[in-house]
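2 protein chains.
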Amino acid sequence: MKLSNLHDLYLHKLADLYSAEKQILEALPKMIDKASNRELTKALSDHLEQTRTQAERLDRINSSRQFDTAMKCKGIHGIIAEGSETIMEIKDTATRDAQIITAAQSVEHYEIAGYGSAKAFADELGFDEDADLLEQTLKEEGEADKLLSKIALGTLFKDGLNEKAQ
Amino acid sequence: MKLSNLHDLYLHKLADLYSAEKQILEALPKMIDKASNRELTKALSDHLEQTRTQAERLDRINSSRQFDTAMKCKGIHGIIAEGSETIMEIKDTATRDAQIITAAQSVEHYEIAGYGSAKAFADELGFDEDADLLEQTLKEEGEADKLLSKIALGTLFKDGLNEKAQ
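Note that the protein sequences, when read in sequence, are chains E and F.
Under the working numbering, think of the first position of the first sequence as 4, with each following residue one higher.
Under the working numbering, think of the first position of the second sequence as 4, with each following residue one higher.
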């Protein structure tokens with residue numbers, strides 16, 4: 004793909020995020036399956052639903068922008084590969100939940116950075132409707148990240164993950 | 004590496020961040036070399052210095068914790084590979100600067116997520132000195148991310164990247 008201007012860069016970023024969402028849709032059910040804490044399982048399940056909506060928003064944008072829907076996002080691939088391998092290795096449930104949270108937060112932050120840029124590009128290009136859709140996802144990702152921190156600090160650690168797991 | 008408890012997970016996260024810092028120390032000079040905007044070049048050069056300090060902080064933590072300094076962080080590897088490839092493909096300088104900023108922000112966000120978890124783990128484990136060092140880096144990463152957004156929105160876009168680059 005030739006990248007000559009901001010419009011090309013915008014399409015490239017959308018393609019990257021679309022690939023990221025598809026990879027997350029594959030990875031999340033496996034993470035949910037390995038999670039034990041109820042609040043965490045619920046948060047991840049809710050986020051799976053949200054991820055479907057986020058992918059649909061990109062489909063809507065694609066109907067007018069036609070970005071490359073077959074591109075493979077290497078960034079999220081590395082993050083998911085690293086997180087998944089580690090999750091599989093952990094037997095203790097509370098420790099595994101902590102690892103699931105940190106892996107999921109790396110995914111959220113990849114998306115926060117990506118949607119932040121995509122939204123800024125859309126604003127600059129005057130694609131107001133796209134910018135609104137991207138802003139909605141950006142907001143959801145920020146909230147998902149905060150909820151995961153809350154579960155880690157408020158529940159997992161409060162329940163004595165440290166004491167239980169050492 | 005066996006991951007049986009929060010302490011193991013903490014060492015694993017430190018090893019991951021150490022590998023990330025080393026990979027960033029290799030990648031940043033190439034990004035600086037490809038950047039054109041003066042504010043961006045300065046921000047990345049300052050961040051290179053900061054990254055050295057951040058790696059030294061992890062060295063300090065390692066002197067008491069002995070984490071694996073040879074582990075390879077796949078997450079940042081994917082992010083850097085993706086960003087670098089794209090940067091090399093872009094000839095227009097303003098468009099390339101925009102891509103450098105978005106790639107650098109993906110790196111910052113990987114670190115924000117990672118240092119956020121590491122700091123929470125250190126707090127939970129009662130490693131107060133570690134937590135202070137990790138908090139310093141976390142703060143710097145947040146500031147670096149904000150500065151990059153400011154450069155994109157305040158300078159690159161203000162100078163008409165969109166008009167120039169289309």
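A few of these clues could be false.
Simulated crosslink set (PhoX-like; lysine-lysine; CA at most 20 Å straight-line) [stated by the list, open to error]:
| hint | chain 1 | residue 1 | chain 2 | residue 2 |
| --- | --- | --- | --- | --- |
| 1 | E | 149 | F | 25 |
| 2 | F | 149 | E | 142 |
| 3 | E | 149 | F | 142 |
| 4 | E | 75 | F | 77 |
| 5 | F | 5 | E | 94 |
| 6 | F | 77 | E | 5 |
| 7 | F | 149 | E | 77 |
| 8 | E | 37 | F | 5 |
| 9 | E | 77 | F | 5 |
| 10 | F | 37 | E | 5 |
Computed Cβ-Cβ distance ranges for the label pairs, DEER-style [said to hold, decoys possible]:
| hint | chain 1 | residue 1 | chain 2 | residue 2 | range |
| --- | --- | --- | --- | --- | --- |
| 11 | E | 41 | F | 39 | 35 to 41 Å |
| 12 | E | 73 | F | 96 | 46 to 52 Å |
| 13 | E | 69 | F | 62 | 44 to 50 Å |
| 14 | F | 129 | E | 63 | 45 to 51 Å |
| 15 | F | 146 | E | 135 | 27 to 33 Å |
| 16 | E | 36 | F | 71 | 25 to 31 Å |
Which chain E residues stay away from chain F? Per the calculated CB distances, all over 12 Å, these [said to hold, decoys possible]:
| hint | residue |
| --- | --- |
| 17 | 31 |
| 18 | 55 |
| 19 | 59 |
| 20 | 114 |
Just so you know, these hints were derived from the structure itself, not from any lab.
Just so it is clear, CB atoms sit at the ideal spot from N, CA and C, and this is done for glycine as well.
What hints, given by number in increasing order, does this structure fail?
Hints 1, 6, 7, 9, 11, 12, 20 not satisfied by this model.
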